[in-house]
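Asker: Each chain, letter by letter, is given below.
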Amino acid sequence: MELTRMTAAELSAALASREVSATEVTRAHLDRIAAVDDRVHAFLHVAADSALEQARDIDARRHHGENLSPLAGVPVAVKDVFATKGLPTTCGSRILEGWHPPYDATIVQRLKQSGAIILGKTNMDEFAMGSSTENSAYGTSHNPWDLDKIPGGSSGGSSAAVAAYEAPLAIGTDTGGSIRQPAAVCGIVGTKPTYGGSSRYGVVAFASSLDTPGPFGRTVLDAALLHEAMSGHDPMDSTSIDAPVPPVVAAAREADVSGMRIGVVAELGGEGYQPGVLARFAESVELLESLGAKVTEVSCPHFRYALPAYYLIAPSECSSNLARFDAMRYGLRVGDDGTRDAEEVMALTREQGFGAEVKRRIILGTYALSSGYYDAYYGKAQQVRTLIIRDFDAAFGQVDVLISPATPTTAFRIGERADDPMAMYLADLATIPSDLAGNAAISVPCGLADEDGLPVGLQVMAPAMADDRLYRVAAAAEAAFTRRWGHPLLAEAKGL
Amino acid sequence: MTDTLIPFAEAIERYEPVIGLETHVELGTRTKMFCGCVTTFGAEPNSQTCPVCLGLPGSLPVVNRTAIEYTIRIGLALNCTIAEWCRFARKNYFYPDMPKNFQISQYDEPLCTDGYLDVEVNGKTVRVGIERVHLEEDTGKSLHVGGATGRIHGAEYSLVDYNRAGIPLVEIVTRPVTGTGEDAPVAARLYVTELRDLLRSLGVSDVRMEEGSLRCDVNTSLAPPGAPWGTRTETKNVNSLRSVERAVRFEIERQAAVLDAGGRVIQETRHLHEDTGTTTSGRSKEEAQDYRYFPEPDLVPVAPPRDWVEQIRASLPEAPAKVRARLRAEWNVSALEMDAIVNAGALDLVGGALAGQHRVDHVAGEPVVERARGDQFRDPGDLGGRDREDSQLGLGVVRTPGQLAQPPLAGVSRRRAGRDRVGD
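Protein sequence lines correspond, in order, to chains A and B. Per our numbering, residue 10 is the first one in the first sequence, and the count goes up by one each step. Per our numbering, residue 404 is the first one in the second sequence, and the count goes up by one each step.
One thing to keep in mind: the hints can contain errors.
Distance windows between CB atoms, simulated [unchecked claim]:
hint: 1; chain 1: B; residue 1: G685; chain 2: A; residue 2: E360; range: 26 to 32 Å
hint: 2; chain 1: B; residue 1: E447; chain 2: A; residue 2: L61; range: 35 to 41 Å
hint: 3; chain 1: B; residue 1: S450; chain 2: A; residue 2: S308; range: 56 to 62 Å
hint: 4; chain 1: A; residue 1: A356; chain 2: B; residue 2: N482; range: 33 to 39 Å
hint: 5; chain 1: B; residue 1: D693; chain 2: A; residue 2: A365; range: 22 to 28 Å
hint: 6; chain 1: B; residue 1: R709; chain 2: A; residue 2: S267; range: 45 to 51 Å
hint: 7; chain 1: B; residue 1: S450; chain 2: A; residue 2: A365; range: 38 to 44 Å
hint: 8; chain 1: B; residue 1: L546; chain 2: A; residue 2: D58; range: 38 to 44 Å
hint: 9; chain 1: A; residue 1: E360; chain 2: B; residue 2: D693; range: 17 to 23 Å
No lab work stands behind these hints: they were computed from the structure. This structure is a prediction, so every number in the text was calculated from the model and none was measured. C-beta atoms are modelled at their ideal positions from N, C-alpha and C, and glycine is treated no differently.
Next comes chain A alone, as it looks inside the complex (with noise of 0.2 Å):
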């Protein structure tokens, strides 16, 4: 079988019994990316000698006996937002190019120490902000379902580069959506764990209160295996919860959903949704309900104010956390000619390495905070969290997991929402509620939409710390799904 269309599980037991080595597999999807990331641009930065060097380490030390952890010499794809010792780290603006950050993040050296082989930076929306990769300085990665379409974002790089077969295995970041959304978009697997699960140390913050790292995968199997090789506890980060990770693995191979209790919610639905997107999420129910699971619609109240609180909180904390982005230290610099001051230098690099959608998010926070207008925007927006908090702990008095589509609609055209914010800001209306509650949620492929043939997500969201839920219920609806189809959904992607 072709090495690049094997899966993370599978290649961790062809390399354990030694069928394969960590150099072949990692040269493999080297030259998987040579051959199409000019068509796809899922990398910003391959990191082919480091990898092979890696690689090699990994055969060497197996060669000799040594006891590996299960990704030992499985590629992994990196979201350009994880800091990364001696590799270029960009979070896909001007601003921070040439960087080299001098340490890992906590995840990053996580991935390393289990042996997992880490390929390269992946293309990213600029700081994280946006729904295509539009907004990254560096150019926008196209969806190998349709190389017209976006991937969706903000990581669309990982999850281009996991469709696309460049990489079995990425991690990303979800703020309001950047890894389900995107994981939708590419009929792939993505991952929000819940907040305080995966650390944050080492990843460029964004909305310091909503960023939560995450895995891609083509299959449920495979998320949960990267899931529980880059969570748990980390001190260097406060929020990070002190518990052990949920059994996500093992729920993946259960993929038992019988008994459980499923909520519809009734608020993510309807309106604004694209019928293609209805009618698989329909099916999708159906599914789970022959599966032996006990279905029922739930109400959500506050999710309809969920998509303002976000474009206020979210903004609020980023026009805190970009401040450091001045020249002084490292990044860009523009205008240091001997006839500026400090101030003006700051100005001038701000105003020429931020993109245009950064701006905007900077202003808006910056406005949000202000002596005056704080009660009224952040204040109130920080309320309306706690109601959306409530309405998910109603929710989950009554059943295990709620369901919804992922996103409103499949991908869309490159270009096509790119000049009208409030557009692509809808991209993330079912996500950006399990954002702000910090719990779990997962999107797993249930089909392709009958208008446009593209993948459509199915979100399944679990309490906070259960995440191994969201695993039981998309490997179930997952295994269901591929039965039904003959074949994984993936093996219909014509783009490439």
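Given chain A, put chain B in place with the hints provided.
Answerer: Then chain B, alone, in the frame of chain A:
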């Protein structure tokens, strides 16, 4: 421009001063507020830095437990209430010596509130109300090269040393002190002296004004007797006890002249010139920045357990004022004589002589804090082999799945009523 002045005695005849002091104290913790870098003074520039205190993209703060403990010690010694739950906040402004361009500070939820410190002024006890004691991180230090004044304006270039960035800094804010009349300048100096001695006895800081580990901002306003308080000015970074007194005195003389001439005092910050004892105008409060405070989302709230607070309370040393009162009684000396002994820094010498043992270490000016820390207040130690005092064990809000349902940021607005009142 030279300010017109009215002689002090005349000014005090016509106006009543109100003073207030904000004192910044660098804590003597071994490591910084939010990272594991050591805090030794005078090290090679930028040698005591890491991704966290340099504010590198992606880095995150973790609270230094010892800094919380020291702040609680200070709060208890100043008769404050220790918050059962409090948070850090971000104070946002741009300056090259601020690595993140925001300072992690506390805003409307300080760790300690509502205390007092009694100060003996010319035989009378003045009770100085303490509004709050809060914890924040220090900034880096800018060195402006080539200018005449050492200020940024006119400098050819500037160098920044981030060794100081992230050192824990406690801010002690008094309530307005009224009714001291002509004693106001002396009262200001004696308050800072008493506070310095108290902090030294607590072993939480080396309190060296000349090294900047204790710095004062002095607020002064004047109004005719019976009239509402006047507009205050804030003299920044006053770096010696003598200067505290001089700053108040000068502002009284200057503001009296402004008021006599029918003018109005401008609310502004002022800089003290140590050579002349005069102050000049800094930035006007009317163009003051909006710091856009909001709760620090990278840190969970701090909730010091009550039994820990009580343990700290039980370990407090006898306050310097009480020590003096006790020794005065024991030695049978007059208040005047006692003041002379204290002012000569000879308290321990006399005590040692009387007890038949010389404690020369104190007299020789050895850093008492080092001794105290070595003896009693050793940092709780490295946790899990990590070179830092950063554990939130036992003091942070433990993030269990159940508590996650109430994220640290939810429902903040009820506490913000005073946000526009608290100044910088």
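Asker: Are there hints from earlier that the structure breaks, and if so, what are their numbers?
Answerer: Number 4 only.
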